[in-house]
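Asks: Listed below are the residues making up each chain.
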Amino acid sequence: MRPILLSGHERALTQIKFNPDGDLLFSTAKDQQICAWFSHNGERLGTYKGHQGAIWTVDVDPTSTMIASGSADNTIRLWEIKTGKCLKTWEFPTAVKRVEFTPDGRRLLGVTEKRMGHLGSIVVLPIELSVDAEQSDERDMTIVCDQSKATVAGWSYLSKYIIAGHEDGSVSQYDGKTGELIDNVPIHELDMAVTDLQWSADRTYFITASKDKTARLMAARDLELLKTYVSDTPLNSACITPKKDYVILGGGQAAMDVTTTAARQGKFEARFYHMIFEDEIGRVRGHFGPLNTVAAAPNGKSYASGGEDGYVRVHHFDKGYFDFKYEVERERENRL
Amino acid sequence: MASTKNRDWADDDEGDDVAIELPPPQTIQNKDGTKTTISYRLNDQGQKVKTTRRIRLVTHREVVNPRVAERKHWAKFGLSEKDGAGPQMDTTSVAENIIFRLSTNWKKDTKDEAKDPDANAMKDKLKDKTVKCRICNGEHFTARCPYKDTMAPVGAEGAAGDVAAGMGDDEQPGVGAAGAGKKGSYVPPAMRGGPGGSAAAGERMGGKYGERDDLATLRVTNVSEMAEEGELRDMFERFGRVTRVFLAKDRDTGLAKGFAFISFADRGDAVKAAAKMDGYGFKHLILRVEFAKKAA
Chain A
1 MRPILLSGHE RALTQIKFNP DGDLLFSTAK DQQICAWFSH NGERLGTYKG
51 HQGAIWTVDV DPTSTMIASG SADNTIRLWE IKTGKCLKTW EFPTAVKRVE
101 FTPDGRRLLG VTEKRMGHLG SIVVLPIELS VDAEQSDERD MTIVCDQSKA
151 TVAGWSYLSK YIIAGHEDGS VSQYDGKTGE LIDNVPIHEL DMAVTDLQWS
201 ADRTYFITAS KDKTARLMAA RDLELLKTYV SDTPLNSACI TPKKDYVILG
251 GGQAAMDVTT TAARQGKFEA RFYHMIFEDE IGRVRGHFGP LNTVAAAPNG
301 KSYASGGEDG YVRVHHFDKG YFDFKYEVER ERENRL
Chain B
1 MASTKNRDWA DDDEGDDVAI ELPPPQTIQN KDGTKTTISY RLNDQGQKVK
51 TTRRIRLVTH REVVNPRVAE RKHWAKFGLS EKDGAGPQMD TTSVAENIIF
101 RLSTNWKKDT KDEAKDPDAN AMKDKLKDKT VKCRICNGEH FTARCPYKDT
151 MAPVGAEGAA GDVAAGMGDD EQPGVGAAGA GKKGSYVPPA MRGGPGGSAA
201 AGERMGGKYG ERDDLATLRV TNVSEMAEEG ELRDMFERFG RVTRVFLAKD
251 RDTGLAKGFA FISFADRGDA VKAAAKMDGY GFKHLILRVE FAKKAA
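Chain order of the listed sequences is A and B. Sequential numbering of the first sequence, starting at 1, is according to UniProt numbering. Sequential numbering of the second sequence, starting at 1, is according to UniProt numbering.
Please keep in mind that the hints were generated in silico from the structure rather than gathered at the bench. Model, not experiment: these values are computed from the prediction. Glycine included, each C-beta is placed from N, C-alpha and C at the ideal position. Just to be clear, a hint being listed does not mean it is correct.
Which chain B residues face chain A? A few, computed with CB under 8 Å, are given here [unchecked claim]:
id, residue
1, 77
2, 78
3, 101
4, 104
Simulated pairs of lysine-lysine, DSS-like, Cα-Cα distance not exceeding 25 Å [unchecked claim]:
id, chain 1, residue 1, chain 2, residue 2
5, A, 243, A, 227
6, A, 85, B, 82
7, A, 82, B, 76
8, A, 160, A, 227
9, A, 88, B, 76
10, A, 49, B, 82
11, B, 76, A, 85
12, A, 49, B, 72
13, A, 82, B, 72
14, B, 82, A, 82
15, A, 85, A, 49
16, A, 85, B, 72
17, B, 76, A, 30
18, B, 82, A, 30
19, B, 72, A, 301
20, B, 31, B, 50
Please construct the entire structure, taking both the sequences and the accompanying hints into account.
Replies: Here it is as structure tokens:
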């Protein structure tokens, strides 16, 4: 497996997103550019310029016409993918840490930071799915997180729920239409922030990564804990691979402690776990810093990881990856 | 190319105009379906560099969504606006190959791997080994040996013995002497029996005095800079026959360095001299006299 190394950023990566077709890859970093890449060969399509601060997050709409990005300059911006043009800017009192489109692309949620007397909140913006349309300044709704601020959030299947991960390690479920808090479950260790939340292909279950060194698979409907993946390092990101039942976890020694640890000890590796058996089945080395974000391509043929070292590594899986099976899986196939 | 005919081959280096002419790039179709391209370019030093590339073209056909196909033809923008088609060198590169094998007992595998190559091999190698002194075979490092200064290493003694044996037998060639014990092994120059019969001393410094009897040699330190070998000889002759006086002198200034060696013919005389002369005032300095230690 020969990874493709993308060196378009000068600072630590913050998020990587594939578009639904899996041919484009968007990366954001603490420098002020969003990069768009072709995932099959690592060619850079372009950059989106306009943000005045670190960019924390990016998301692609389901039709791959627009992307939204959230930044430390307190704005969410909407961009046209094809041309790199900024279509709309929404201003907020604090930084935006996470954005996500609904599965139909008609709404966008943004998670704002708690700072300077402002409580953390989840805002929902209406989106017109056309490049030429005028985007509204109005918000659909605002969910204020008065308990513990939300760090990540996403839409469940059919935009029915908004699932949010909190700084105190809990996960909450809000109604997707009214914004009403339905449930809150302390799922990770207390005060260990949830660092990432990514969906399965059908958005019925999701995986959360946390600083408490575990990742957990949960059902969106009732926040039932399905699986737990235990690692030996604080996790920054986790994703579910389509096609094969694996999860990829990324993390490593916190960025501030990196200089005092050797690369080997720093555990800067992407870890592969079997989604069902919860076993660690492999690791991929390569980054010189903790992995801040991992993303699996929707076609399941590749994954990308972004590290504190400023590089994105795109890995196209070998045949061995697809052939790997547990003994029980083989036996079952033989019986059928 | 007529000019090259007239020119001597030695002038070729100066004729820059010839060197600049680069042959046109060639492409050769190979039988096995690969192509060989040969191109030439000039490097920073103006030298001609020939680059030969063998290329195998594999057409990988993939059916994609028309949307995806369309996106491949999009114009680049932003920082990539001026980039040509295909991945650019400055933003995209291919990293080293990673062996990525999924396995259920992944953890165990890597643990064994981590242990095996270096740590374990070294451990096995050293398992039966204990520290052994080369001088006295004791269980300590050679450098810590209490006999470090007084005894030769165990092996060396044996070699010296061989040499002694060789000396007795005049017919034996000197070089073979030390080698007699371990045939074919390297014998350091100091251990080789010299052809002139200077024997074990070999090419050691002061070898011309023959096998020096270290047992009857005194080391005199704190000697005045002004001292002369003659003066020292006079002082020590009182105790017995002095075979050798060596006063270390600075090569440039010719002044004494402050130490000397006095060899006596008889050890008894040396003992007497050491007792009497230690602490003796000589040219404003108090001499220190002791038995010389064998050179380590």
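Asks: Does each hint fit the structure? Answer for all of them.
Replies: Hint-by-hint comparison with the structure:
no.	hint	result
1	77	holds, 4 Å
2	78	holds, 3 Å
3	101	holds, 6 Å
4	104	holds, 6 Å
5	A/243 with A/227	holds, 18 Å
6	A/85 with B/82	holds, 17 Å
7	A/82 with B/76	holds, 8 Å
8	A/160 with A/227	holds, 22 Å
9	A/88 with B/76	holds, 21 Å
10	A/49 with B/82	holds, 16 Å
11	B/76 with A/85	holds, 12 Å
12	A/49 with B/72	holds, 21 Å
13	A/82 with B/72	holds, 11 Å
14	B/82 with A/82	holds, 16 Å
15	A/85 with A/49	holds, 8 Å
16	A/85 with B/72	holds, 18 Å
17	B/76 with A/30	holds, 23 Å
18	B/82 with A/30	holds, 24 Å
19	B/72 with A/301	holds, 19 Å
20	B/31 with B/50	holds, 22 Å
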